[in-house]
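**Q** Take these sequences, add in the hints, and give me the full structure.
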Amino acid sequence: MALPDFKKRARVSLLALGLTGLVFLALHLLIARGIIDPFIRGILNVACINVLAAVSLNLITGLLGQLVLGHAGFMLVGAYTAALITKHSTLTLGLSLPLALLAGGLLSAAVGFLIALPALRLRGDYLAIVTLGFGEIIRVVANNLSFTGGPGGLSGIKSLTTRQNPAGLFDLIFPLTVFAIFFSYSFGTSRHGRAVRSIREDEIAAESSGINTTYYKLLTLTLAAFFAGIAGGLYAHQIGVIAPSRFDFNRSVEILMMVVLGGMGSITGAIISAAFLTALPEMLRGAGQLLSSVLPDVMTGFFNNFDQYRMLIYSVLLVLVMLFRPKGLLGRSEFRLTPLLKLAARPRKGGGA
Amino acid sequence: MRPIVLQVEDLTIHFGGIQALEAVSFYVEENRIAGLIGPNGAGKTTVFNLLTGVYAPDRGDIYLDGRSLLGKKTYQRCQAGLARTFQNIRLFKDMTVEENVTAAMVAQYSYPLVSGLFRGKGYRRDEKDAAMRAEELLELTGLAGSGHLMARQLPYGQQRKLEIARALATRPQVLLLDEPAAGMNPAETSELKDMIRMIRDRLSISVLLIEHDMNVVMDLCEYIFVLDYGRIICRGQCQHVQNDPKVIEAYLGGEMNGVHA
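Each protein sequence line maps, in turn, to chains F and S.
In terms of the working numbering, the first sequence opens at residue 1 and continues consecutively.
In terms of the working numbering, the second sequence opens at residue 1 and continues consecutively.
Honestly, I wouldn't trust all of these hints.
[Said to hold, decoys possible] Computed footprint of chain F on chain S; a stretch qualifies when at least three of its residues, placed anywhere within it, have a C-beta under 8 Å from a C-beta of chain F:
1. 78–88
2. 122–135
3. 179–190
Source of the hints: derived by calculation from the structure; they are not laboratory data.
Beta carbons: idealized from backbone N, C-alpha and C, even for Gly.
**A** Here it is in structure tokens:
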């Protein structure tokens with residue numbers, strides 16, 4: 001067993017950062033030049049936001065091994081906070097939005113901390129029940145307060161994306177999502193993450209190994225709520241209109257689905273399935289339109305609204321994954337650069353592919 | 001007599017109407033291997049659970065190195081120098097063997113979250129130190145070269161050893177072993193005995209052992225406390241305990257003759 005080679009790891013991390021930067025630059029240019037049209041741009045932005053939400057939920061379900069059924073509640077807190085701040089701020093949006101996102105994240109983290117405090121004194125699946133209750137309560141609260149706009153919610157939220165700068169919001173969403181991915185990977189492999197994972201494996205053994213389990217559980221929940229709040233704030237500014245109904249139980253389940261399908265504990269899995277599930281309704285819509293144009297009139301109605309069967313498809317997908325890959329698509333494995341680099345560095349043998 | 005590291009005084013606890021422990025007192029001397037034995041249901045594991053803070057006693061006190069442990073939580077007792085293994089193995093199964101050991105060191109390092117995120121100086125210094133210490137401990141417990149395996153991939157005997165390595169990673173003064181030889185074959189058992197002795201000699205740790213295998217107890221333990229129905233009925237060195245009629249009556253009888261032969 002060799003000691004860790006930090007220099008080599010740093011080089012790989014720099015390479016990953018460089019590659020991500022290239023992807024960012026390419027997407028930015030494609031959007032700015034109008035090659036990616038507003039429709040696809042919208043899907044791309046929402047996909048990134050969903051990835052952010054899924055990655056933050058994965059901190060709890062994957063690393064800590066606890067179930068959370070109210071993640072949309074944290075997004076709601078972040079969304080309303082950020083939207084209210086930018087609506088009433090006199091600063092330019094380029095300045096106020098980052099501050100508003102931070103405020104939304106912090107408030108959501110504070111709420112997460114307060115919920116975790118009593119919930120974590122209980123063992124087992126109580127966190128799922130407590131967060132389920134929280135998600136419903138916060139939605140009902142937003143439905144009934146006047147400054148949140150009641151059931152109608154908030155509209156006319158300013159957008160960074162303008163005719164002159166089509167990539168405006170994307171330029172904020174993408175780096176933040178990348179940071180959350182970096183954060184959860186780096187956190188998971190630090191001593192703090194190791195403590196959290198040991199709690200997932202065996203709480204009693206972790207406690208007996210000198211790990212303050214309550215502290216690490218609180219830490220993880222607060223961090224996850226922070227990123228969920230930021231995701232909510234970004235979502236509000238991407239969509240422009242928010243209402244409590246957008247952050248209901250279904251939304252929480254949708255994010256959980258992304259994590260479970262990808263494999264609980266796999267960040268790569270969460271990214272892939274979040275992106276896929278975001279694009280799925282649009283693909284269904286496209287497929288439905290195609291089918292209704294070639295099929296006889298009787299079935300047109302069904303296929304015209306094909307995308308509305310999204311929840312049906314989700315459940316079928318979930319059942320299939322649970323049957324054939326109970327640990328999710330990727331289990332706990334991650335995409336890694338190092339094996340690829342090794343593969344590339346290996347001298348080729350004659351005739352081989 | 002050597003200085004006492006772990007002292008238990010007048011420990012008493014009841015569960016409902018059952019008096020599980022009644023005024024139990026015993027001690028572990030520095031750098032000694034002490035044994036706690038007794039028939040099934042005598043209250044041995046209850047003693048461990050009181051030592052590690054799973055239950056709070058009705059009466060009595062526990063001193064580690066002269067300081068009372070009462071009121072401290074399990075993880076604080078571990079940080080204070082009391083490490084344990086479990087009767088039914090409790091490893092971090094889906095983590096690597098090395099991580100199982102380094103996870104137990106988390107509290108000994110102090111680099112902050114941010115340093116961990118960006119792999120700062122503190123992270124690099126501490127993680128290198130942790131990896132080095134883990135390698136030493138794995139070597140000591142005969143697990144060298146298995147560091148990268150998942151803990152669940154190890155055979156049973158090695159999983160027991162990994163539990164000991166993990167306990168040692170917390171830098172304990174006293175190591176509590178709850179039936180370490182349970183389920184082991186004779187070869188593994190004799191290896192284990194050598195290992196426990198070597199750990200005591202090399203790391204100068206005191207050991208308190210609960211064990212059913214009388215061969216292990218009589219070979220290893222330098223001082224034995226016998227528990228029956230929640231009371232200490234006999235204490236002393238192997239010879240003395242083996243010949244005590246109360247102990248033989250309690251449960252040793254037939255088995256002890258086997259050891260004599």
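**Q** Determine for every hint whether it applies to the structure shown.
**A** Comparing the hints with the structure gives:
1. For the region 78–88 of chain S, the assignment as covered by chain F holds, since 5 residues bring a beta-carbon within under 8 Å of that chain's beta-carbons and 3 suffice.
2. Only residues whose C-beta sits within less than 8 Å of a C-beta in chain F count toward coverage, and the region 122–135 of chain S has 9 of them, enough to reach three; the restraint holds.
3. Here the region 179–190 of chain S counts 0 residues with a CB under 8 Å from a CB of chain F, which misses the bar of 3, and the coverage is violated.
Checked against the numbered hints above, the structure breaks only hint 3 and satisfies the rest.
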